[in-house]
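Note that the protein sequences, when read in sequence, are chains E and D.
Quick note: the first sequence, position 242, residue 242 per my numbering, numbers continuous.
In my numbering, each number is its position in the second sequence, counted from 1, plus 1000.
In case anyone wonders, no lab produced these hints; they're calculated from the structure.
C-beta: ideal position from N, C-alpha, C; glycine also.
Take these hints with a grain of salt, some might be off.
Stated by the list, open to error - Only some residues are given here: those of chain D computed to face chain E with a beta carbon under 7 Å: (1) Arg1101; (2) Asp1110; (3) Leu1115; (4) Arg1118; (5) Arg1120; (6) Val1131.
Claimed, not checked - Pairwise CB distance ranges, derived in the manner of DEER restraints: (7) D:Gly1036 to E:Arg185: 32 to 40 Å; (8) D:Pro1117 to E:Glu55: 55 to 63 Å; (9) D:Thr1301 to E:Ser126: 53 to 61 Å; (10) E:Ala110 to D:Gly1036: 36 to 44 Å; (11) E:Ser126 to D:Gly1086: 55 to 63 Å; (12) D:Val1196 to E:Ile257: 55 to 63 Å; (13) D:Glu1316 to E:Ala110: 37 to 45 Å; (14) E:Val142 to D:Pro1135: 51 to 59 Å; (15) E:Thr120 to D:Asn1079: 22 to 30 Å; (16) D:Asp1286 to E:Ser126: 32 to 40 Å; (17) D:Pro1117 to E:Ile128: 54 to 62 Å; (18) D:Leu1092 to E:Ser166: 43 to 51 Å.
Now for the letters of each chain:
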Amino acid sequence: MIGQTHWLHRFRRRGPAVLAAVILALLAIIAIFGPAVYGTDPWSMVAAPFLEPLEESEYLLGTDALGRDVAAGLIYGARLSLLIGLAASCAAMMIGVLLGAVAGYYRGAADDFLMRCTETFQTIPSFIFLLVLVAIAGPSTVTIVIAIALVSWPPIARLTRAEFLSLREREYVQACILSGMGDMRIIFLQILPNAITPVVVMASILVANAILSEAALSFLGLGDPNQITWGTMIGVGRESLRTAPYLCVLPGIAIFITVLAINLLGDGINDVLNPRSSS
Amino acid sequence: MNAASFDPLAKQDIGAPQVPALDVRGLSVDIATSRGVLNAVRGIDLKIRSGETLALVGESGCGKSTVAKAITGLHAVTNGSAHICGHEVTALSRRQWRPLRALVQMIFQDPFASLNPRKRIGSILSETMRVNGVPKQQAMQRSAELLERVGLPKTALRSFPHEFSGGQRQRIGIARALALQPRLIVCDEPVSALDVSVQGQIVNLLMDLQKTENVAYLFISHDLSVVQQISDQIAVMYLGRIVEAGSREEIWSAPKHPYTRALIDSVPSLDRRRKDLSLRPYLAGDLPSPYNPPSGCAFRTRCAKAQAICSDIRPELQSAGSKHLVACHFSD
């Protein structure tokens, strides 16, 4: 359209979103390269237990009850927390988009059936459902990702369906039908690219929810026992909360900053992609 | 245009020239809505000869667009038949439609909704042909030819729809409709969303293309001044039924139905005298609810000539001169 400013330009005018993007970029770098650069194994007992942060220059963020390096834990935890967040929300998006697209495009009986399923999933308290799924399947990174995806797809499906319901009536879709194009091609190559924007915004916020869910699971001891995440660290630190509160506070701050940054970035993306919805 | 290199109709029997491009008999379409069943189209007959234009005229909500959708298979037909170049198309599944798709294409009303905003013009035009088995190279080449055909530069192939004005987009829509070399194009209000100056250009383009491509048009419109330019035959629709039909000259110069007369009188004109405006019948009130149309003649609630008989007996379409049909008890 005429007078439409470049999306990068519009994005740059939004301070919080830019800050969030920078923070997330740093976190991503830490998650990808941190473990290799930092070197210290988060599982090995490297120093005396309960070293406070800044007490010793080699272990800036202190050590836990077993003398393990907290900084190493945070760095390794960043990798897994972000990975689980991303993977779970990608999986949730795939399930939600597929079901929502089919329901919205075909309407009728398919729509009724899929939406009743979606509502069934939505009526179950999601965290309890998550606990049950993980308890049944056993805690491992893969089952946790799948379980989080299974409890978070319904809003994506509903949003995708709403978009498809309106877009499928567009004349360009009728033109595609008239040219003899198949349904799958129309759904995925014609309508989906136009419907995906608000879904991506919602999925970006799902990443934050997934990280929180994973942290909550780990806190309850249902995390993958072979992996260190921020939630695991809080769960372990809980036992010495009074004597060494930093063991819970530091990973807590990491989760807080990450989730806040993802939410701010999601808002920023929303403003950029849907200029009309911004106030 | 090099027809020898590309002919999606080669496999299809398009019939002898005397086979009508469109032959609709007793077509009825019911639409189930949340407010009940809407009888949008109630048994209409239409016939378009190869290479000619039939204009379907009426107010918004009279069922014109539903006719378009029914003929092109976008909406299920309740009753009646429609033959396109001799092929019955009313009861076909999506799969059965596929080999016939090249016979009938459509030009849409809203040039801003009829092109996928995320696709380049080149892919919008070529994918229509690709779906019908034309190789990629050839489809792109023909897309460029089509653009030139409708008066746009080849460079438009690489552009997105938002880079064009409404009139240019409508030209692209026309190029897409021509891509498969159809025998019939359904034009659903193709110019009503355009500026008046652009309307003329598009109508002229459609008329030029009709001569070179020998394509028939079902031209749906509420604007009689446009219809008068392009049509060979005119059919006037009111609440799902055809109330008057005939050649353009007959309808335009000697309308018999009060509704047609009111529509023609509502067309602004420079040479008609204004002083007797008050003497002419005019359209009072709104279109009645199509869910619950008036008994007898559906037009009687707005008709200056309405008598008792009009509410009791629905007038059938009757011959009123050669090739002129009208449904009115008091046609003049």
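- Item | Unsatisfied constraints (hint numbers, rising) | Result: hints 5, 10, 14, 15, 16, 17, 18 break, sorted rising.
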